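S.K.: Taken in sequence, the protein lines are chains A and B.
In terms of numbering that gives the first Met the number 0, the first sequence has 43 at position 44, counting the first letter as 1, and numbering is strictly consecutive.
In terms of numbering that gives the first Met the number 0, the second sequence has 234 at position 235, counting the first letter as 1, and numbering is strictly consecutive.
Be aware that one or more of the hints could be misleading.
To be verified - In silico DSS-like cross-links for lysine-lysine, where the CA-CA straight-line distance does not exceed 30 Å:
#1 407(A) with 241(B)
#2 117(B) with 407(A)
#3 407(A) with 367(A)
#4 191(B) with 367(A)
#5 191(B) with 117(B)
#6 191(B) with 245(B)
Hints are computed from structural coordinates only; laboratory data are not their basis.
Here the structure is a predicted model, which is why all the values come from computation and not from measurement.
Take a look at the letters that make up each chain.
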Amino acid sequence: MNHKSHDSAFDAALGRALAARSGSAGRDCPDESRVAAYLEGRLEQAAAAAVEEHAAKCASCQRLIALALELDETPVSAADFSVGQSGRRELFRFSFSLSALALALVAAGIGVVLVRGLKQRAAPADVAQLEAPKAAPAESSAPAIAEEKAGAKLSRVEADEKRSTSRFDQVRPAARPDEPGRRKEVEGFRARAEREAPAPAAPPPAPPVSKAADSAIVTADKIARDEPSKKKENEAAQAQTVTGPQLKGATTAAGGLEERKLVKSAAPTPRDAVRAFALLAVPKQQLNSNATQENLRLRQKSERGPAAVQNAASQSQANSEQLPSRVLGDRTLYLYMGYWIDAQATVNPEAEIVEGSQAPIAVEEIHKALPAVKDLRAFGAVAGAGGAGGAAGAKGVAGTMLVYWGGKIYVIR
Amino acid sequence: MIPGPALPDVHAAFERCQHRYPTVQLTFEAFLARVSEIVGGEQTESGRRQAFSRLNHEELFLALACSLGDRIAWEHFVDDYLPLVRRFAERACRASAEAEDLAQDLVAALIPPAAPGKPSRLAGYNGGGSLGAWLRVTVARAAIDRFRRDRRQISLEVMEEQGSELPAPSADSARERAGEPLDARWGPVLSKLLEEELRLLPARDRLILALYYLRGVRLEAIGRQFGVHEATASRWIEAARKRVRKRVEAALRRRHGLRARDLQSLWRQVSDKDLRALGKALAE
Numbered sequence: 000m001n002h003k004s005h006d007s008a009f010d011a012a013l014g015r016a017l018a019a020r021s022g023s024a025g026r027d028c029p030d031e032s033r034v035a036a037y038l039e040g041r042l043e044q045a046a047a048a049a050v051e052e053h054a055a056k057c058a059s060c061q062r063l064i065a066l067a068l069e070l071d072e073t074p075v076s077a078a079d080f081s082v083g084q085s086g087r088r089e090l091f092r093f094s095f096s097l098s099a100l101a102l103a104l105v106a107a108g109i110g111v112v113l114v115r116g117l118k119q120r121a122a123p124a125d126v127a128q129l130e131a132p133k134a135a136p137a138e139s140s141a142p143a144i145a146e147e148k149a150g151a152k153l154s155r156v157e158a159d160e161k162r163s164t165s166r167f168d169q170v171r172p173a174a175r176p177d178e179p180g181r182r183k184e185v186e187g188f189r190a191r192a193e194r195e196a197p198a199p200a201a202p203p204p205a206p207p208v209s210k211a212a213d214s215a216i217v218t219a220d221k222i223a224r225d226e227p228s229k230k231k232e233n234e235a236a237q238a239q240t241v242t243g244p245q246l247k248g249a250t251t252a253a254g255g256l257e258e259r260k261l262v263k264s265a266a267p268t269p270r271d272a273v274r275a276f277a278l279l280a281v282p283k284q285q286l287n288s289n290a291t292q293e294n295l296r297l298r299q300k301s302e303r304g305p306a307a308v309q310n311a312a313s314q315s316q317a318n319s320e321q322l323p324s325r326v327l328g329d330r331t332l333y334l335y336m337g338y339w340i341d342a343q344a345t346v347n348p349e350a351e352i353v354e355g356s357q358a359p360i361a362v363e364e365i366h367k368a369l370p371a372v373k374d375l376r377a378f379g380a381v382a383g384a385g386g387a388g389g390a391a392g393a394k395g396v397a398g399t400m401l402v403y404w405g406g407k408i409y410v411i412r
Numbered sequence: 000m001i002p003g004p005a006l007p008d009v010h011a012a013f014e015r016c017q018h019r020y021p022t023v024q025l026t027f028e029a030f031l032a033r034v035s036e037i038v039g040g041e042q043t044e045s046g047r048r049q050a051f052s053r054l055n056h057e058e059l060f061l062a063l064a065c066s067l068g069d070r071i072a073w074e075h076f077v078d079d080y081l082p083l084v085r086r087f088a089e090r091a092c093r094a095s096a097e098a099e100d101l102a103q104d105l106v107a108a109l110i111p112p113a114a115p116g117k118p119s120r121l122a123g124y125n126g127g128g129s130l131g132a133w134l135r136v137t138v139a140r141a142a143i144d145r146f147r148r149d150r151r152q153i154s155l156e157v158m159e160e161q162g163s164e165l166p167a168p169s170a171d172s173a174r175e176r177a178g179e180p181l182d183a184r185w186g187p188v189l190s191k192l193l194e195e196e197l198r199l200l201p202a203r204d205r206l207i208l209a210l211y212y213l214r215g216v217r218l219e220a221i222g223r224q225f226g227v228h229e230a231t232a233s234r235w236i237e238a239a240r241k242r243v244r245k246r247v248e249a250a251l252r253r254r255h256g257l258r259a260r261d262l263q264s265l266w267r268q269v270s271d272k273d274l275r276a277l278g279k280a281l282a283e
């Protein structure tokens with residue numbers, strides 16, 4: 000029994016405690032007008048707090064608010080996330096600042112790792128540069144001291160240039176997206192992705208295709224960095240690069256790594272998709288904060304490189320609401336990177352991913368709770384429009400679903 | 000003197016309302032009396048003015064005219080708001096027949112009184128929120144009341160059929176009670192700790208947790224209410240939940256000397272029923 004089952008037990012206990020707290024508050028219940036004003040955010044802060052304080056312990060008012068919320072047919076627009084609700088988010092400001100702090104720490108950590116790597120790799124190159132002048136006098140026979148001084152100065156300048164070049168190369172062992180070779184690869188991937196992607200019936204969901212390519216590369220790079228076995232290979236490749244004679248082998252190894260990245264890019268794994276989707280679903284109010292934008296830029300910079308940073312702001316502003324969506328019971332699934340991803344998966348993008356075929360009972364449970372999943376699965380395609388996002392563009396797209404269930408992400412094909 | 004806002008403000012608002020509904024017959028005195036009743040609770044003149052400025056004057060005007068029996072006002076209401084009532088009723092009830100019944104009941108309650116003594120429900124609208132939102136809440140209230148009434152009727156019928164006052168306990172519940180020795184010991188402790196920690200949460204957090212865990216409100220609806228995306232709402236809930244759990248576990252360690260292993264065991268035993276379902280789900 001793993002800790003996730005304890006989560007469920009805790010949830011059950013929490014539900015009971017909440018229910019115990021939710022008694023009948025009787026005559027103090029706010030009238031319909033007050034509840035309506037609260038739901039529309041038209042009450043003053045103190046009055047709204049009073050309604051919340053009451054509703055938090057009144058089962059009757061909770062039921063009323065719950066049903067009234069469900070009856071609301073106002074479409075959710077982007078403006079809803081940024082305008083007129085600022086007062087309501089005060090309680091969560093602290094958690095946002097924590098998120099920002101966490102992002103900053105992650106960015107700083109990655110920066111430290113990069114700097115350490117740079118130092119480790121730069122050291123042998125510096126040694127090589129220092130050794131180079133020893134051979135130079137044997138070849139040079141210029142007697143004049145002035146010429147010697149001038150030559151020494153020149154060689155120092157050249158050596159500095161070489162050193163900076165070698166450092167630059169070592170900092171960037173693999174080609175970056177802004178280099179021609181890498182750009183070709185990326186374009187090749189995009190072309191392949193477009194070829195492989197089924198033609199949508201209605202206006203195509205343009206953002207997912209291009210974002211899929213970029214995000215797949217980002218996540219593939221990240222995975223290549225994270226996975227220990229690949230890390231070893233990467234280190235071996237770097238060691239070979241430094242030792243010189245085995246440069247050819249090192250290139251091959253690096254090429255192999257690139258190939259693997261491209262393979263990953265061509266078919267993003269569920270983990271890639273969920274991670275990228277979690278990045279995409281960054282709330283707008285976080286983006287509105289300059290500090291958080293800076294953190295996000297730092298994070299994306301560390302993951303992608305300078306070229307992608309230019310697009311970071313615009314890409315991060317892309318919200319998952321723009322994606323084709325499908326409402327299955329209380330869940331909303333978004334089509335992203337070829338997967339229908341449960342929005343709740345963003346709660347923990349690092350949750351264990353379980354292949355549905357390996358866990359038939361769990362899948363059965365999911366089918367019971369979300370019967371629509373079974374229908375979609377039976378047809379082998381997620382068809383038709385659904386949800387506010389409208390999945391018209393997704394009609395006929397065969398999709399693998401990634402459903403967050405009991406603390407795990409189940410892959411339902 | 001009527002404790003209300005300054006007269007020029009009310010006059011100006013009343014003129015705007017008349018401009019919007021020129022054929023509706025509502026006297027200024029009736030409007031002023033209703034407005035004074037609504038904002039009379041404010042202690043200061045500036046408070047009354049602010050409260051008055053926040054009202055939906057035109058919708059208040061229409062609702063008041065309807066409740067006082069103005070036929071033209073009712074026609075406006077039927078054209079503009081009755082479709083809304085029907086849509087809300089359809090969303091509140093699964094069966095279309097039920098939705099129709101609910102809508103009819105509501106119309107009967109909202110319709111201007113044929114005889115004095117039974118005021119229209121529209122008289123309760125005070126212009127605080129929009130008339131649409133008020134109708135949404137009113138439909139929700141009516142649906143809940145109707146559901147309660149129906150459920151009571153059904154249970155009475157079942158009891159009559161069974162010939163007993165209380166249904167016999169199921170085998171499942173008996174087994175559950177028998178299999179909860181640890182629950183009996185730790186259940187009250189956990190309940191008390193959870194109560195304490197929940198009390199420490201801000202009211203809004205508690206409300207959100209209750210809406211999600213108890214009332215089954217979708218994340219999308221919660222997110223819409225609080226002006227965020229559903230993924231953000233999900234993160235809020237998770238954060239509040241983790242916070243409560245962390246504090247409860249800390250209290251268990253501190254007060255009862257439990258270790259990590261004990262905590263695991265405790266959570267495992269706390270809800271046998273839930274774990275059975277979860278065990279199936281995890282297929283372990």
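S.K.: Is residue 407(A) close enough to residue 367(A), meaning Cα to Cα at most 30 Å?
M.R.: holds, 17 Å
S.K.: Starting from residue 191(B), check that the Cα of residue 245(B) is at most 30 Å away, please.
M.R.: OK: residue 191(B) and residue 245(B) at ~15 Å, within 30 Å.
S.K.: Measure nothing beyond the straight line between the CA atoms of residue 117(B) and residue 407(A); if it is 30 Å or shorter, mark the hint as holding.
M.R.: With Cα atoms ~57 Å apart, residue 117(B) and residue 407(A) exceed 30 Å; violated.
S.K.: Would the pair residue 191(B) and residue 117(B) pass a check requiring their Cα atoms to be no farther apart than 30 Å?
M.R.: Cα-Cα ~47 Å, so violated.
S.K.: For the pair we were handed, residue 407(A) and residue 241(B), check the Cα-Cα distance against 30 Å.
M.R.: holds, 17 Å
S.K.: Quick one, are residue 191(B) and residue 367(A) close enough, alpha carbons at most 30 Å?
M.R.: Violated: residue 191(B) and residue 367(A) sit about 34 Å apart, past 30 Å.
Checked against the numbered hints listed earlier, the structure breaks hints 2, 4, 5; every other hint is satisfied.
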